[in-house]
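Participant: Each chain is listed here by its residues.
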Amino acid sequence: MKRINSVTILVINIFLLLVVLNFYKNSVENIEESQKYLLEIQNVYSNYSQSKESLYKSKQVEKVLRKIIKQLNMKNVTIVKTGKKLLLKGENISLKKQDRLFNKILNEKFIILKSSIEKGSIMMEIGL
Amino acid sequence: MTKRVQSAKNLCKCNKGNQILSPKNSKNFFLHSKSKSTIPEKVNIILSPELYWVRIFVLPMENEKEVLHVMPSLFEEFIDIENKNFYVKKLSTDRYLAFAYDESLIIETIKNANIELGNVNKIYFSQIEFLTMMNSLNTSYIKADDNVFSLVDDILVKIPSNIKINTLHSIDIEKIALSKESISINSRSKYVDNKTSKTLSILLAIVTILFLIKTIINYQTSEQYEQKVNEVKNSTSVSLSSIQLKSITKKYERLFVEQVKIRELFEYVLNIRATFHVKISSLSFENKTLKIKIDYENKNSSLESKIQNYLQKKYKKVYMKKRETSFLVEVKL
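Here the protein sequences line up with chains G and V, keeping their order. In this note's numbering, each residue's number is its place in the first sequence (first place is 1) plus 250. In this note's numbering, each residue's number is its place in the second sequence (first place is 1) plus 339.
Next up, chain G with everything else stripped away, as it sits in the complex (with noise of 0.2 Å):
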C-alpha cells in the first residue's frame, strides 16, 4: 500500500485550488460576457423593432390610405403607385376637406417625400 505524505497532498490542494480558481475567474468573465451580449442583443432587437414600428410597413401605407379616404367620403382622390412611393392625387375638393385630409396625412405614420395643396387640389408623394 503505497502511502502520500500528508504535505504533498497540501500541495496538490493547493495546485488544484489554483486551477479551480483560474477556471472560476473564466467562468465570472464568461458570465459577464454573456450578460453583457445578452443586454445587448435584446437592445438591439428591442430597437429595431421599435423603429419598425415608428412607421408604416410599405403593405400598411396604401391599406391606411385608403381607409382616411374611405372615412372622408372623397371620390376625387386617386391613389397610384409608382416603384417605392405612392402619389395622392385629388382635384376638386373643398378646402375643409383639403385640410382635413392633410390634418389626418399628417398624424398618420407615413413617409411623407412630397406634398403640393392648392385650392381645389392636393398632391402628396408617401414613401413606401
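Derived by calculation from the structure, the hints in this document are not laboratory data. Accuracy of the hints is not assured; some may be wrong.
[Said to hold, decoys possible] In silico DSS-like cross-links for lysine-lysine, where the CA-CA straight-line distance does not exceed 25 Å: (1) G:Lys346 with V:Lys618; (2) V:Lys585 with G:Lys354; (3) G:Lys309 with V:Lys585; (4) V:Lys585 with G:Lys286; (5) G:Lys339 with V:Lys600; (6) V:Lys618 with G:Lys364; (7) V:Lys589 with G:Lys335; (8) G:Lys369 with V:Lys632; (9) G:Lys364 with V:Lys671; (10) G:Lys331 with V:Lys627; (11) V:Lys671 with G:Lys335; (12) V:Lys590 with G:Lys302; (13) V:Lys600 with G:Lys354; (14) V:Lys567 with G:Lys286; (15) V:Lys585 with G:Lys334; (16) G:Lys309 with V:Lys632; (17) V:Lys585 with G:Lys359; (18) G:Lys302 with V:Lys585; (19) V:Lys632 with G:Lys354; (20) G:Lys364 with V:Lys660; (21) V:Lys514 with G:Lys369; (22) V:Lys567 with G:Lys331; (23) G:Lys335 with V:Lys627; (24) V:Lys627 with G:Lys359; (25) V:Lys618 with V:Lys660; (26) G:Lys359 with V:Lys600; (27) V:Lys630 with G:Lys346; (28) G:Lys334 with V:Lys600; (29) V:Lys630 with G:Lys369; (30) V:Lys572 with G:Lys307; (31) V:Lys618 with G:Lys302; (32) G:Lys364 with V:Lys632; (33) V:Lys567 with G:Lys364; (34) G:Lys347 with V:Lys618; (35) G:Lys364 with V:Lys589.
[Claimed, not checked] Some, not all, of what chain V presents toward chain G, calculated at C-beta under 7 Å: (36) Phe595; (37) Ile601; (38) Leu604.
Just so you know, these numbers come straight off a predicted model, no measurement behind them. Don't be surprised by glycine CBs; every beta carbon is placed ideally from N, CA and C.
Following the hints, complete the assembly by docking chain V onto the known chain G.
Facilitator: Quick look at chain V alone, frame taken from chain G:
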C-alpha cells in the same frame, strides 16, 4: 555513492553512502528521550532504540526499494503505521533489517534535547551503529549515555540500567565511525506538521469543491444566457446579424426623426394662418423645403416682417419674396 530511497509512506530522504559528503567536523550525538545537548554546531544524531521500531524480515525480494514498498503493510501488524516512515537495510540475500520511525517524534525529541533542527546533519540508527562496535568488542551488552543496551536475536534493545552485568563496555559516542546508513528529516515538517497540513488540505479541498460547484453553476448560467440570446434571435423572423440590425435601426431612426421635423415644420408654418389671420393660397413641400404663398388681404407692410420674425424664431433659413398681391415664404429644414 549516494543512494536516495523514498519511503512509501512519507517523503523522507534516506541516505546511503554519502558519508564522504558529510562535514568532517560534525560531532556525534546519541539521542534518547532524556538526552540534552550542549553542542552548538552541526551534529550527527544516533537514535536510541526507543525512537524507532525495528524487525528482521525474510522476504523473497530483490532489493531494498522493493521491500520499502511493502513496509507499511508488514509493520501494520505490529504498530500503528499512521505518520510512520520506513527504512530498509539488506542483511543477506533475503534478510532485511527494517526500521519504522515517527518523524515528528524524532523532531520533538531533537527539540527537547536543545538541538536546532538546522544543526542536524544526519540521523543514524543505534541498531546499525552500535552493532558494529559490539561485534568488534565481542559483547552482548553496551552502555551509552547511562543507557544500557543488549542484543536479543540480533536486535538492539534497551534494558534497565540496574541489571548486574559482568562486563559492560561504555561506548564513546564521539569515536564511533558512522556507517553509510542514515536518514534525514523531512525539512517541510519543520514548518507544517502532519495535523496542520491535513487540516489545511481538508479546508482547501472544501474551498476547491465550493469554487468548482460555483464554476459549474456559472458555466450553466452562461449557457442559459446563450439560450436566451437564441430565443431573442428566433423571436423575430429577421435573420440578420446584429451589425445589420443596428444599421437598419439607425436608418429607421434617422427617417423617423426627419418625419417628425417635417411635421413640426408644417405645424409651425401653418400656424401663421391663425396667428396673423392670413390666407395661404398654396403650399408645397419638396427636398426639405416648404414653400407657401400668402395672399394680401390688405397691404400691411409690417405683416411681412412680423411673419419673417415669427419663422426665424425657429428656423434659420427663411426667405421671403414679395409680389403684387401676395408674397412667397420659403422655409428650409
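Participant: Between lysine 630 of chain V and lysine 346 of chain G, does the CA-CA distance stay at or below 25 Å?
Facilitator: 20 Å, holds
Participant: Measure nothing beyond the straight line between the CA atoms of lysine 364 of chain G and lysine 660 of chain V; if it is 25 Å or shorter, mark the hint as holding.
Facilitator: 22 Å, holds
Participant: Holds or violated: lysine 600 of chain V with lysine 354 of chain G, Cα cutoff 25 Å?
Facilitator: 17 Å, holds
Participant: With the threshold set at 25 Å, check whether the alpha-carbon distance from lysine 618 of chain V to lysine 302 of chain G stays at or below it.
Facilitator: 38 Å, violated
Participant: With a cut-off of 7 Å on the beta carbons, see whether phenylalanine 595 of chain V makes it to chain G.
Facilitator: Given a least distance of 4 Å, the restraint on phenylalanine 595 of chain V holds.
Participant: Between lysine 302 of chain G and lysine 585 of chain V, is the straight-line Cα distance small enough, at 25 Å or below?
Facilitator: 12 Å, holds
Participant: Do the alpha carbons of lysine 585 of chain V and lysine 334 of chain G lie within 25 Å of each other, as the hint requires?
Facilitator: Cα-Cα ~23 Å, so holds.
Participant: Holds or violated: are the alpha carbons of lysine 585 of chain V and lysine 354 of chain G at most 25 Å from each other?
Facilitator: 31 Å, violated
Participant: Within a Cα-Cα threshold of 25 Å, do lysine 359 of chain G and lysine 600 of chain V meet the stated pairing?
Facilitator: Judged against 25 Å, a Cα distance of about 13 Å means the pair holds.
Participant: Is the Cα-Cα distance between lysine 339 of chain G and lysine 600 of chain V 25 Å or less?
Facilitator: Holds: lysine 339 of chain G and lysine 600 of chain V sit about 24 Å apart, inside 25 Å.
Participant: Restraint: isoleucine 601 of chain V near chain G, CB-CB cut 7 Å. Satisfied or not?
Facilitator: 6 Å, holds
Participant: Straight-line Cα separation of lysine 514 of chain V and lysine 369 of chain G no greater than 25 Å?
Facilitator: 135 Å, violated
Hint compliance for this structure: hints 2, 16, 21, 22, 31, 33 and 38 are not met, and every other hint is.
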